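Please take these sequences and the hints and turn them into a complete structure.
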Amino acid sequence: MRLSEVNVEEIKMELANLKNKKSSQLSLVWKRFKSNRLALLGFVFVMIIIFIAIFAPFLTPYKPYATDPSNRLMGPSRTHLLGTDSLGRDVLTRLFYGSRIALQIGVLIILFEGFIGIMMGVLSGFFGGVIDSIIMRLVDILRSFPVIILAMAIAGIMGQGIYNVVIALGIVGWTTYARMVRSKILSIKEADYIEAGYSIGESTYSIITRYIVPNAIPTAIVMISIMMPTALIASATLSFLGLGVQPPTPSWGSMVAAGRNYLLQAPWISTSAGFFIMFTVLGFNFIGDGLRDALDPTTKH
Amino acid sequence: MSKLLDINDLKVYFNTEEGVVKALAGVNFKIDKGSFHGLIGETGCGKSVTGLSILKLLDNNALIEGGKIIYKDENLLDKTEKQMQRDFRGNEIAMIFQDPGSSLNPVFTIQDQIQESVKMYKKASKQEYRNIVIEELKKVKLPDVEGLLDKYPHQLSGGMKQRVMIAMMLACNPNLLIADEPTTALDVSIQAQFLQVLKNLKEKFDMTVLYITHDLAVVSEICDYVSVMYAGRIVENVPVRELFKNPIHPYSYKLVHSVLGVKTLLENLEEIPGSVPRLIDPPSGCRFHPRCEEATDICKTKIPQLKKIGKNHYVACHRR
Amino acid sequence: MSNRKKYWTNKIIRTIITAIGVTLIAFLILHLTPGDPARIMLGSYASEENLEAVREKYNLNEPLYIQYWAWISSLAKGDLGTSIRYNRSVNTLIKDRIGPTLVLTLTGLIISVVLGVVMGILAALKRNSWLDYLTTVQAIFWISIPSFWLGILFLYIFGLQLRWVPIAGMVSYTSVILPALSLGLRQEAWFARPMRAEMLEVLNQEYIRAAKAKGLKYYIVVTKHALRNALIPIITMLALRLPWIIGGSVVIEVVFSWGGIGSLLVNSVKARDYPVVQAILLLISIAVVLANLFADIIYTWVDPRIRTEG
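Chains as they are written, first to last, in our numbering: chain A, 39 to 339; chain B, 14 to 333; chain C, 161 to 470.
Keep in mind the hints are simulated off the structure, nothing from the lab.
As the structure is a prediction and not an experimental result, all values here were calculated from the model.
Even glycine gets a Cβ: it sits at the ideal position worked out from N, Cα and C.
Where hints are given, some of them may not hold.
As the list claims (entries may be wrong) - If we take Cβ atoms under 10 Å as the criterion, some of the chain B residues that face chain C in the derived model are:
1. K95
2. Q126
3. M178
What the hints assert, rightly or not - Below 20 Å or equal to it, Euclidean Cα-Cα: the simulated SDA-like pairs (lysine to any residue) are:
4. C/K171 x A/R175
5. C/K384 x B/N28
6. C/K171 x A/D170
7. C/K377 x C/P393
8. C/K286 x B/T29
9. C/K377 x B/R99
10. C/K171 x A/G167
11. C/K286 x B/N28
12. B/K95 x C/K286
13. B/K69 x C/T468
14. B/K92 x C/Y379
15. B/K164 x C/R388
Right, dumping it as structure tokens:
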């Protein structure tokens with residue numbers, strides 16, 4: 039196709055058509071998502087956890103740090119729905135407040151990893167060449183380490199606490215997202231409509247904002263839906279190992295670890311803490327799966 | 014002459030996301046033993062579906078809504094999958110497909126794939142198999158047969174792959190070969206070679222062939238009888254020479270003249286106005302009526318049936 | 161240079177660069193994070209004397225590149241360093257513990273691959289059936305459970321309550337069941353769904369239809385023609401999941417008090433025994449790098465389209 043021979047108006051119309059296609063595609067995507075029962079269930083799960091996180095103080099009379107040594111390791115009862123832990127604190131209360139910690143860490147990790155990942159992916163994909171090679175080698179190197187292991191080492195040095203967990207996981211975990219973004223950008227770059235845009239004189243900036251960004255959005259959405267589950271489990275694992283968020287701060291991972299010593303006498307501690315983790319992660323996974331299906335149902339059907 | 018295959022009022026629909034596609038709405042033709050029977054039509058008219066229906070190799074969303082496919086006095090549509098596999102596919106009816114590149118399994122050698130066909134019908138030693146495979150490959154006039162045995166499909170050219178396909182299917186010793194647009198994916202020069210091979214095989218082994226194509230020129234070259242198909246129905250069943258001498262159905266007429274136009278470089282290349290109908294919501298009555306200049310009211314309401322108008326010549330049209 | 165040679169030369173170079181990079185990272189972890197390495201290793205209450213001794217021993221006063229070089233040189237000689245905590249050679253520590261880790265990791269890997277592949281195949285064959293749906297749902301389910309919690313649950317139910325298996329340590333042959341299951345079940349999801357997708361894609365190919373047209377029995381079409389094609393990408397998946405399986409095994413080792421490298425690593429991190437930590441980090445990552453290279457080799461050998469090129 040010799041672009042110089044084709045009417046510029048025609049090209050503009052084609053590009054506009056593409057945009058319209060995109061918005062009707064969007065409603066189709068939403069429709070598909072809504073019809074997926076698991077996805078809706080996941081949405082409900084996540085809403086519940088968010089609700090608990092926001093309204094925790096109103097949902098329970100107890101305070102998460104309030105110890106009560108005379109009531110240690112009590113089983114579930116009417117006063118303590120999930121019993122008490124080794125220091126007499128109400129388990130359910132700590133689990134509720136733990137949701138705040140979990141969601142906080144999750145969001146921070148997403149922001150951190152996402153920022154680095156997207157930046158690296160865009161640099162790599164858009165500019166190619168030497169920059170791409172360097173970044174990809176860095177990705178190769180980092181990916182040779184299991185995420186947990188490297189994050190463990192870093193968190194171990196930096197010490198406990200929410201922010202250290204975020205930094206440790208963030209430094210290590212951005213590679214997956216950089217790759218996703220990069221491959222999407224590469225495929226967009228190859229697309230015909232980019233050539234068409236260039237040919238009628240659009241600036242690089244305009245091309246980026248009008249074509250690359252909107253097309254990269256589905257990838258970004260899928261990315262975020264994958265990130266939350268892994269972020270939650272990774273941070274819980276670090277806490278479980280004693281390296282992340284530690285008591286008295288109520289993190290679910292450390293609660294599972296603490297409950298482990300009392301598995302025989304008080305199994306409900308570990309069990310319920312882990313259940314909360316699973317519940318939240320499941321919710322995000324259902325949503326993520328639903329999103330992926332809604333955006334590209336070809337893999338299922 | 015005895016009829017090897019009799020397709021009677023075949024109706025096949027497909028369940029798709031957008032609705033039910035009425036791909037075949039009553040296909041009727043008979044194939045004589047030993048004939049080279051062409052099935053011609055535009056892309057999307059349902060000719061491939063017809064071929065696949067005979068061997069029941071349709072996709073999962075296909076529904077066979079009615080009709081009969083009589084092969085040697087048995088209705089294939091009544092047979093179970095197991096019966097089809099055991100009694101008919103390969104050993105009685107074989108099929109070669111359009112794109113040879115994707116019809117051969119990329120991870121097995123040529124030897125393996127042909128040997129697999131042979132193994133189903135014959136027990137022999139390893140060396141004997143190798144010889145038989147060589148024989149089969151020689152039948153399709155492939156050069157340097159020994160060298161081909163250990164090669165993989167991707168190492169062969171398109172024309173060679175297609176011949177390997179024929180060899181692979183013929184090694185099963187079928188009585189009827191269905192060829193679904195076998196030359197569409199090949200270069201024009203290779204096409205000629207391929208047709209030559211096919212002609213050879215037909216004469217030497219007295220094969221019956223159902224040749225499905227959209228290329229009228231090919232039909233004129235090797236077929237002796239042809240069924241013209243439009244939008245899921247057969248509009249004319251006629252000996253080939255008769256078709257080019259005297260095409261009766263308005264669609265056949267236009268088809269023949271569009272080809273002849275090119276061949277004789279006539280200026281009035283007759284193009285058929287309009288386009289092929291979407292088979293989710295096909296035209297009522299005669300499916301060609303929206304594009305036919307002679308269409309009348311009856312054409313829009315009543316489905317024309319094939320009726321005899323000459324020796325071995327049948328046409329489905331209200332105006333003829 | 162033929163295409164193939166070029167491909168492999170590039171690959172080897174990439175692998176070497178990655179390996180060097182890996183050693184750099186393992187080395188730099190201790191040094192780039194804020195704080196004095198000696199103090200990090202000995203804790204905030206260490207005396208200045210001990211700190212100096214450690215600094216001497218580990219060359220911490222030298223410029224970074226010299227330290228790195230010293231470390232690499234001793235690595236090249238096979239010396240992985242000395243543990244601060246145990247005051248023994250890291251080599252011996254690792255040698256004692258690598259067996260159990262290999263047993264656990266391999267068993268877990270086999271469980272996940274076998275289960276995953278079988279489920280994936282069945283799901284593809286019976287598409288959109290309840291089996292298919294179940295496969296997808298259970299896959300999501302297993303990925304959502306933290307492996308440490310799964311381990312603890314298993315421990316509680318099968319170990320403590322039912323007493324079917326020993327609850328801790330490597331007591332008998334049956335000891336490996338629970339840990340391996342905790343590891344394998346989680347990873348199974350990562351094989352089941354791609355297997356299903358791959359199988360569906362292959363089954364859609366023309367050559368499958370052609371194979372059926374020959375008159376081949378269905379199960380032969382599936383096992384001989386389809387599988388042979390569909391399993392190829394699983395090799396890549398294996399290499400991809402290896403870091404996760406190793407990472408998972410570390411946690412499992414802690415949960416089940418399994419005396420392998422994983423629990424050594426965790427304890428060393430908490431005890432700030434950094435020579436050990438660095439050595440183990442290095443070992444694991446080099447193993448991953450080699451495994452990836454190996455997987456690439458196998459992949460090109462197994463797919464005739466790639467094997468016979470150039």
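Checked hints:
no., hint, in the structure
1, K95, "holds, 9 Å"
2, Q126, "holds, 9 Å"
3, M178, "holds, 7 Å"
4, C/K171 x A/R175, "holds, 12 Å"
5, C/K384 x B/N28, "violated, 30 Å"
6, C/K171 x A/D170, "holds, 16 Å"
7, C/K377 x C/P393, "violated, 25 Å"
8, C/K286 x B/T29, "holds, 19 Å"
9, C/K377 x B/R99, "holds, 8 Å"
10, C/K171 x A/G167, "holds, 17 Å"
11, C/K286 x B/N28, "holds, 18 Å"
12, B/K95 x C/K286, "holds, 17 Å"
13, B/K69 x C/T468, "violated, 36 Å"
14, B/K92 x C/Y379, "holds, 19 Å"
15, B/K164 x C/R388, "holds, 17 Å"
Hint compliance for this structure: hints 5, 7, 13 are broken, all remaining hints hold.
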